[in-house]
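Protein chains in written order, with our numbering: chain A, 1 to 210; chain B, 211 to 403; chain C, 404 to 1025.
Warning: the hint list may mix true and false statements.
Okay, the calculated beta carbon distance ranges per label pair [as the list claims (entries may be wrong)]: (1) C:525 - B:263: 47 to 55 angstroms; (2) C:850 - B:290: 34 to 42 angstroms; (3) A:29 - B:402: 52 to 60 angstroms; (4) C:502 - B:398: 36 to 44 angstroms.
Since the hints were made in silico from the structure, they are not lab data.
Even for Gly, the Cβ is constructed at its ideal location relative to N, Cα and C.
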Amino acid sequence: MQEDSSLRRVDPSRRDPHWSATTFFVVLGLVVLISILSLFLKRPISDATAAMTGTTLNEPVTQIEQYDYGFEPHHITWRAGDQVTISLHNRSTTHWHEMMLGRGYDYTPSAFGPIATQFDTDFWNGIHVTFSGANHVDNLCVNKAIAKFIGPMPNIVTGGNFSPTLQPGGSLNMTFTVPNKPGTWHYGCFVQQYVHYMAGMRGTITILPR
Amino acid sequence: MSSHNTYTKTSLRIGPLSERDLRKNRFGMSLYCISQAVPYFLLINIRFVIAGNFVPVGLNLWLGGIIPTVALLVGIIPLFTARAALQKDDIPRVRSHVMTAMLLGLIGLLSLLFPLWFHNFDALSPFGEIDLISLGVASFYTIIALIVAWGVYLRLGKGLIRKETGWGIEATIWVYAFNAIAWTALFFTLDLL
Amino acid sequence: MSANAAGLSGVDTANRQRRRIAPPVIRGLLWAAIGFLVFNTLVSQVIDRQPYDPFVTRVSATVGWAAAVIGWLLGVGAWEVIVRPFFGHPVEWDIPNDWRRYFMFSTDHKVVGLQYIFTTTGSFLLAGLAAMMMRMELMNAKLWVFTNPGAYLTTVGIHGTVMMFSVGTVALVGGFANYFIPLMMGSNSSAYPRMSGLSHWLLPAGIATVFLSPLLGQWTTGWRAYAPLSGQDPSGIVFYYLGVFAMTTSSLLVAINLTATIIFNRAPGLTWNRLPMFGWGILAVSLLTIIWVPEIQMTFIISLLNLIVPFSLFEQTGSPLTYMESFWLFGHPEVYIIVVPAFALWQEIIPVMGQKTLFARQWGVLGLVFVMLFSGLVWAHHMFTNMRNSEMLPFSFFTEMISIPTGFSYLVVLGTLWGARLKFSTPTLFVLMSMFNFLIGGITGVLLADPVINLQTHDTFFVLSHFHYTVIGSMVFTWLAAAYYWLPKLSGRMYNETLGKLGAIWVFIAFNSAFGQMFFVGLRGMNRWVAVYPQYLQNMNFSISMFAFLLGLGFLFNFVHITWMWNKGKPVGQNPWNGKTLEWFGTPKPGIATFSPLPHVETGFYDYSENTPPTPSPPKRM
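Construct the complete structure from the given sequences, taking the supplied hints into account.
Right, here's the structure in full:
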């Protein structure tokens, strides 16, 4: 907006407005060049930097939301060797939800016929998992995974497959390197005698070979 | 002389604005208000689409509610009295009134920011999300209003705003009052309706 | 500081070594880099540390970007021209009278207009290059140019976003209107010159942000940023939201500035009845921008928060449909923001070229205004697949209704052409081609407004071709018409008529061959948003790609021709077309007031009837 009151001028000759053309074109050219290089050679540059500094590259976080009754997203693709953080969040305001990951079903006989209580093969066997940001975690069973904790310790239980169970509104981050177990894996919530799973609370993960 | 001045004569003048320029500036401010009212309409609309008219039990109506509303609305008054004082060319009085408005705006800002961190509703719920966004939007416009008032306060101190060149004060009234009224409408529809 | 400066005596000044300022653009880049580094580090390393300590997170990129844009704007000159005076310091900003003025903050509407013209042309070429890469990929049914579908979709998204927000919305409004609207109004300045200077520099920031979005990761949503897809991609979409925010803010500032210019900076005697058609068009577009751009900005801010906090408002667990509705509520008026200035320019150029009074001027104005009013009522036709049948009917009705005021624009031009001794110059040719193309775009638009056809062709190349006919076909062709039409005014030189006609025919044939075939490939089952498609479509796609490359070369030919003639063309008098609007009666030179004294308008601008005095004496006193 126009605010004339403030437009006083001083002697204009104090500074020379004829800025250097050379500086302008050289620096601008360099900036454009760097932008183009970083745009098209992002992967080689970051790989080289990581190799030089000895750090591993962080892959983006996989946000997984649990709700009544489903997972969002319900299909995920990972590549073996990637470092992945699952950020699990229970969106439900009323229900406890877990997330198991595996293949095949482990049936328990009952009066109503066999009930799948968990997967037969546990995906997490032997994987190094770092847990962080635990918040309203009801219990955590790590089974045969090798666990490390950053921040508040969740309530650890034993028995059954690897499964974090979140209270309504709870959340938990799990960071790990995707193992070389290519193919299709399933995840799901087996809480309340398999009813959540049956209602659609499940998804698939495609792991691409390295 | 190799370089020239880009400011044409009309905008170089320190003298008073012509009647036409004054109307032009008021028109510009009204376009600002019209265009910036649209985000508030959208927020209110989305709130009813996503959260219905649900209001959580035990919502703290004071912080992020009544206190900023009152502080911002009351803050408009000293700006008008500042403009009245400017007509009498009583600059110290104008400054103190602008300062009063800024202090009230600051109280409003702090009481808007506070519930962004401390609130007793679930942040990750339809109501909570839209309420937090609204608090953030209101804080943003309050900061804008404060910056405008601050600039005017400093220019008053340098003797650049006088009776004849009082557009700065009027611009502050526009921006400040727009923020206060828009926030009041938002608060009313979000927390009270 | 100000006291010091004011107190310097003349001798002191003369003795003092005059310090050369740093190139403002370079200073802007430096301040932007510093702003990004400081705020990004502060957020990612101190305030909001994430597990494993990444240096750039979604949150830190957002905050760092905001700091970078502020640093950039201050660096190019907003610090001296806006911020320091705002806090009561004197203005210290001198602009050399040479090419340097285009690379620094300027308040001269002619400089700002040329800056916009350069920036939009540059972004048109870059986004066009993205289109060429896409067509290259689609030459083959297999994935062969891009290594993965995500990279292809990101390219599509960048192409669409930049073409929409920095070419379609901006080229005619920010570029030609910033330059010519004050001239047409008989004024030496736009209404708010400092705001106008600021608005241009937001545009390159936005364009760079969108082009660099792959640095943060892919995004597969296209320029529509559909939820919940936007929440599932890697983080590139963060830079989409931020870049679009900068570009749309630029458009918003231009709209406010030009509206006030048209209302308050009219020369004495330039009544509403005499307002040029381009003025009406820009007024209509500005009102659309002022209403709808803040709407989409808020929607995108909510989407951004959705992504970085993260919330779930627009996620699958929230309400993705609300996002779509909010988006298309803006998205359809956006189409008219692009097209209305083109309609207005047809009505500006044809009477001059035919030397014939504009036919039914009032109906032309009514057409522009009603297109503007209806544009807010048609948006849901983009989402027929998400709606109940009963909800489709009103939107289908209003969409078909909008062809009536659009038809006014056609009838006004046709009535003017009727019996005119039309000068078949390059601008005329481009306007007629533009009308033909928009006719095709409009007729297929009526088809698409029909739910039966809409549901069948949803997300196919039929739709894609339809909106390219409306955007390239009308707006880009009219953009070139305006460039040729006003070249004598911009540069004082004339283009080469043969080369100009060759360029027009070249792009017309290439455009219609490429996009005309897309209707048919779409009807045969070619989907949008796919890098890989069934083998049976390959022949037709190959042929489309060939014509697309030809079209790209054609645009390049026109730009090279215009640039060449800008510098080397034959010098020409100040009114070669014998136009009557005010811009032809001044000699605009950046940095110098055009009209001195201000003109006094005594008749309308479109009256070529017998009794008006012949050229060169204009029908008004200067």
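Taking the hints in turn, this is what the structure says about them:
1. C:525 - B:263: 47 to 55 angstroms: 49 angstroms, holds
2. C:850 - B:290: 34 to 42 angstroms: 58 angstroms, violated
3. A:29 - B:402: 52 to 60 angstroms: Hint holds: Cβ distance 58 angstroms, inside 52 to 60 angstroms.
4. C:502 - B:398: 36 to 44 angstroms: Cβ of residue 502 (chain C) to Cβ of residue 398 (chain B): about 55 angstroms, so the range 36 to 44 angstroms is violated.
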